[in-house]
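Protein chains: 4
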Amino acid sequence: MIKAAIAGATGYAGNELVRILTNHPDVEIKALLAHSYVGKRFDEVYENYRDINNMVCEEMNIDKLADECDVIFMALPHGVASNVVNDDILKRTKIIDFGADFRLKDIDIYEKWYGVKHEGRDIIQNAVYGLCEINREKIKQTNLIANPGCYTTCSILSLYPLVSEGVIDLESIIIDAKSGVSGAGRGLALSNMFDECNESVKAYKIASHRHTPEIEEQLSYAAKCNITLSFTPHLIPMNRGILATCYAKLAKSLTYDDVRNIYEKYYGNEYFIRLTKKGIFPETRWVKGSNFVDIGFKIDDRTGRIVIIGAIDNLVKGAAGQAVQNMNILFGLEEKKGLAFAPIFPA
Amino acid sequence: MIKAAIAGATGYAGNELVRILTNHPDVEIKALLAHSYVGKRFDEVYENYRDINNMVCEEMNIDKLADECDVIFMALPHGVASNVVNDDILKRTKIIDFGADFRLKDIDIYEKWYGVKHEGRDIIQNAVYGLCEINREKIKQTNLIANPGCYTTCSILSLYPLVSEGVIDLESIIIDAKSGVSGAGRGLALSNMFDECNESVKAYKIASHRHTPEIEEQLSYAAKCNITLSFTPHLIPMNRGILATCYAKLAKSLTYDDVRNIYEKYYGNEYFIRLTKKGIFPETRWVKGSNFVDIGFKIDDRTGRIVIIGAIDNLVKGAAGQAVQNMNILFGLEEKKGLAFAPIFPA
Amino acid sequence: MIKAAIAGATGYAGNELVRILTNHPDVEIKALLAHSYVGKRFDEVYENYRDINNMVCEEMNIDKLADECDVIFMALPHGVASNVVNDDILKRTKIIDFGADFRLKDIDIYEKWYGVKHEGRDIIQNAVYGLCEINREKIKQTNLIANPGCYTTCSILSLYPLVSEGVIDLESIIIDAKSGVSGAGRGLALSNMFDECNESVKAYKIASHRHTPEIEEQLSYAAKCNITLSFTPHLIPMNRGILATCYAKLAKSLTYDDVRNIYEKYYGNEYFIRLTKKGIFPETRWVKGSNFVDIGFKIDDRTGRIVIIGAIDNLVKGAAGQAVQNMNILFGLEEKKGLAFAPIFPA
Amino acid sequence: MIKAAIAGATGYAGNELVRILTNHPDVEIKALLAHSYVGKRFDEVYENYRDINNMVCEEMNIDKLADECDVIFMALPHGVASNVVNDDILKRTKIIDFGADFRLKDIDIYEKWYGVKHEGRDIIQNAVYGLCEINREKIKQTNLIANPGCYTTCSILSLYPLVSEGVIDLESIIIDAKSGVSGAGRGLALSNMFDECNESVKAYKIASHRHTPEIEEQLSYAAKCNITLSFTPHLIPMNRGILATCYAKLAKSLTYDDVRNIYEKYYGNEYFIRLTKKGIFPETRWVKGSNFVDIGFKIDDRTGRIVIIGAIDNLVKGAAGQAVQNMNILFGLEEKKGLAFAPIFPA
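In order, the protein sequence lines correspond to chains P, U, B and A. Per my numbering, the first sequence starts with residue -19, numbered consecutively. Per my numbering, the second sequence starts with residue -19, numbered consecutively. Per my numbering, the third sequence starts with residue -19, numbered consecutively. Per my numbering, the fourth sequence starts with residue -19, numbered consecutively.
Heads up, a few of these hints could be off.
For chains that are exact copies, the list does not tell them apart, and a pair is met inside one copy or across any two.
Straight line, CA to CA, 20 Å or less: simulated EDC-like cross-link-like pairs of lysine to aspartate or glutamate [unchecked claim]:
#, residue 1, residue 2
1, 245, 31
2, 278, 27
3, 229, 151
4, 258, 24
5, 232, 151
6, -17, 8
7, 257, 23
8, 258, 27
9, 245, 86
10, 120, 145
11, 257, 24
12, -17, 39
13, 185, 43
14, 92, 281
15, 185, 281
16, 229, 149
None of these hints come from the bench; they were simulated from the model. Small disclaimer: the values here were computed from a predicted structure and weren't measured.
Here chain P stands alone, though its shape is the one from the complex (with noise of 0.2 Å):
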């Protein structure tokens, strides 16, 4: 059994994680640490957990940890992994970060967009970033995974191909994505209250959220040049999913099949994502509690561009979900394990 840790469990991220690892099979979760809760019984935080997981929240002692875990997944505001996790640490235990201190290579990004010195400048070459059907090799063989965030696990595969492929005009991509409500985790909000939300829909952090960077940076490696884009996150009146519509210019005349046969090149043997069928397009309704990723297109031959949709389920391929797929691959175990569930719907 893989003995495992969850700092961050109380988030909403976290206590999918919590869910998830519950019905793996090879997995035993040691700990539940909650800055917040600590003292108080998990079950009591989220009520589902009920007869199912008396665990009490505590405090993270990193060191502890390291000895007696060999997984810590982290799922902590940006700023505190980088502040703990260290060569020492990861020695001795492996660690999956859902936070943003360890997906970017260029430490000056980081800074510029986070706003703030990031302290683990040492360690961040040793760190792979997770996307898991991307970087699958290079995940094997390191101790410190980078979780990508949602939105640019949505929007990286949803382009991944045609960016490599080097089919679309690299200065004309797009990203309009929209996103339900848990996506802005469980702290106290004003913007995320009931009223506030439901029945409405808006923009955000136009041409500022920071998942831009990431996103332009794991295109531009699949690109061999740098990638600048527009995203644009919006605010969708519903628990959970992503829905990324891209958009970019083809740079030459490509058919229906042409640019499905690059998808299923890429994707042919991807067990999580699915590529729609033509004429149908992906809804996140259809990937809720799962972790695919369903992608589907449209050329545009009246505009020269094409249209491509993805859609993901945000806690699960977004964020708890892959950190599984990474541990999967970390420990050499079967990639799917307990997360070959159905996507549930009406849900």
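With chain P held as given, fit chains U, B and A onto it using these hints.
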């Protein structure tokens, strides 16, 4: 492997059954029957099954199914199952019926509330009302399960211990129930259109809902006398979940601990029934996606009443989950096999 | 023009009052008071007023307001109004208080349910409970209106005729009420975050909600004897609306028409009370955004009970609309002036 | 009093028109036409009109209506209005058509996108596209108004000043629009059932929605050259509201103030268009229930793009409200008469 067929697979309950059985380690789905979708792929009706289930919907041939399958689940409109199930079929396979045809032993009452002639008089006595926690032993001895209704499961389990122990005034029972829209099924109806039920709440079928006699019959068995009660269903703008708020006069003075002991006596060992702690009450979000029933209560000394709150997921414990629980009992499997997943939150 | 001030303007009820008064032909809003937003423009707190209302929120100075305004609406936490309103203030202006301070004549009961000492003992007898359809004549003769609570308005109006006429068993009354989330106010609370109440339903403050004694006191006046009843509020995932499902034993055998005649006798001439036709029951969507109360009922011969359903918009008839109705009465205006707008659907 | 008839009164747009006209001081509703509800009382179709409007739905007799009414609003499926409106009718009354029949001047484009033969070739040139803020003068001189579509109103108004001034690259325009479900109408459709669209988001009619040529034609007039653009509508789980997120490359370097000045030049005096302050962006909740269009924008120096956000209530400014605004112009009334109500929040 248990070979199972699902008739009415394209309704919400049927679809949820497919999801649960897909993950059940001992079951193989042999056929999906759906009169309105014959020849259509199931994953085109429910795209959550994309790349997971590529079966094609078929017309029901009960005779053929009885030979090929160990169990047939029937999620069909009332009146259908009683027309096709007979002694011969029951000798060859097991039937778990989601409909109302075999729930009421008193056929006169059935015909009065449903307004149709009952076609299965000869086999009705073989049927066992599949409320697992109450009728477990009888379930083991039959081939014909009448899977309880959603409102009824929640209502009966909430009241059963108190009625059995004779501690409430049997003439004083009122059940005020609230259900998500999936309880109304997937059939086209103006009243179930998004804009018609979103942002609104209503009572419906006041003093006339067909689950009323079902609740009354089962509680009457517990009380060993005839019970007549008030039942009022309400439609709530959410996908899933039932909350039953039950009121009754206490027949004698009881403390919280007295009542708690009664519930513990009946349900203390039941995996799927969870009693909330004192001062905590069930909410549908804490059981969503799971087979749990949460029950809590409050004694109101001012009025001499007890208020009992029960919560279930109507598509799981109120339909497909309980059906699988029944199947597990019928086939001698561990009762929670394939059903022991934690509720999903937020969802 | 009536000069009006609104204290607590930035709560949901205060905000709704601003909206209604903005369209009222005889009212000029002189001041918006909001302790937490002093110095902030109102249209920056509620952007629906962009280009409509550019007033700046102020600290409340009751003495100054009493000189400058004909009426002060107070939408403040309990305990505040009774501390600042006194005989001197009431000689200079009229007060319409949304809070609970002046609703209960029995100060002992107030102090028991609210857990605080009442500071306005000397003026409580001047206060009139502003349930317009019941206390219209008394309202005309006071300067201090206790504007009823949302649950109470809906509950009392639903039951008042039957209680007054003595046709129901007064010990049998149960009110099972359902409210949208705006009833919980705009204060930050985890339980009112979108993901915490969306897609779920719960009962809360069972047998302990503070609107209980308010309903009991008013119905006791109607019955001319003390009434004790059960009241259970529920939170529904919608922005606005209250549905009260009321149960009582009929004290004698009555037909639908008998009961209908009683309701017609009391409400036949009331513009804001609408009786639904036989077989039709109120739904909150049909009153949304309006000052109407819809009432319907069903006699259940099986149980000897009557079920009465009432529906209101909690922010209009349950708060701001009724306050304006009270103002219209206080100032001798047509009672529906500025309030006769049709409900908005779908919304 | 202006005598008005409403054809298609039982659709959501027709119903909203009834609501607005009910409160309009200068209008008398003479007839409600609804093919599917002939003989049924309107307040039985829409119970919000209980005790407010007891008219009975009739079959449309255009000839009779033309004699009796000053204006006929037509909220009908495309193809109907062009079949019944002709020169003779237009000599006797004014027509405000909610459908698409008279919106596109280029009949070839109409027939291509709608797939039907256009029946009103002879009168199409009389029609004025009723986007009030743009075509006010032309509206005054016609009897036939083509009331704009919901997506188009929001999209065109968001982009019109920038296109007119030639400051954006006309080949770079992308409109990513999000609509509440009422935009899909009240017709029965599985895709609009509560459980099918609640808690999900999807794009639909990608690169093929019929509002595309309408937006293109109007913006082409502004640009004085042909524009081809990308338009992607999305369905959002809410009743009302449209948000249009518009992207374009700036044709030259512009500051926030430069662009602000352009918007002020075009819309500075428009009552129904509200520009949000710098750093603030439109959200549909702030316009709900009103005839306002909120517009805000952000210049993204990294990409050289401008992102413009527009928000409307699809049933008001996107349908019934704009129709009344057109009526006010046609009859020489103050343009905001009966329309100057504040948005309702939370709702």
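Alpha-carbon proximity between residue -17 and residue 39, which holds within one copy, between copies, both or neither at 20 Å | within (18 Å within a copy, 49 Å between copies)
How would you label the pair residue 258, residue 27 (within, between, both, or neither) given a Cα cut-off of 20 Å?
-> between (42 Å within a copy, 14 Å between copies)
Measure nothing new, just compare the shortest in-copy and cross-copy C-alpha distances for residue -17 and residue 8 to 20 Å and report within, between, both or neither.
-> Answer is within; shortest intra-copy Cα gap is 5 Å, inter-copy 33 Å.
Is it within, between, both or neither when you check residue 245 against residue 31 at 20 Å Cα-Cα?
-> between (46 Å within a copy, 17 Å between copies)
Please work out whether the CA atoms of residue 229 and residue 149 approach to 20 Å or closer within one copy, between two copies, in both situations, or in neither?
-> Answer is both; intra-copy 5 Å and inter-copy 14 Å each pass.
For residue 278 vs residue 27, is the C-alpha pair at or below 20 Å within one copy, between two copies, both, or neither?
-> Intra 43 Å, inter 18 Å, cutoff 20 Å: inter-copy only.
Can you give me the call for residue 229 and residue 151, within, between, both or neither, at a CA distance of at most 20 Å?
-> both (9 Å within a copy, 11 Å between copies)
Measure nothing new, just compare the shortest in-copy and cross-copy C-alpha distances for residue 258 and residue 24 to 20 Å and report within, between, both or neither.
-> between (47 Å within a copy, 12 Å between copies)
Have a look at residue 120 and residue 145 and pick one of within, between, both or neither, based on CA distance no larger than 20 Å.
-> So residue 120 and residue 145 fail the 20 Å test inside a copy (25 Å) and across (55 Å) alike.
Have a look at residue 185 and residue 43 and pick one of within, between, both or neither, based on CA distance no larger than 20 Å.
-> Result: close neither inside a copy nor across copies, 37 Å intra and 44 Å inter.
Could you figure out if residue 185 and residue 281 sit no more than 20 Å apart (CA to CA) within one copy, between two copies, both or neither?
-> For residue 185 and residue 281, only the inter-copy Cα distance (14 Å) is at most 20 Å; the intra-copy one is 32 Å.
Alpha-carbon proximity between residue 232 and residue 151, which holds within one copy, between copies, both or neither at 20 Å | Both ways: residue 232 and residue 151 sit 14 Å apart in one copy and 17 Å across, limit 20 Å.
Hints 9, 10 and 13 from the earlier list are contradicted by this structure; the remaining hints agree with it.
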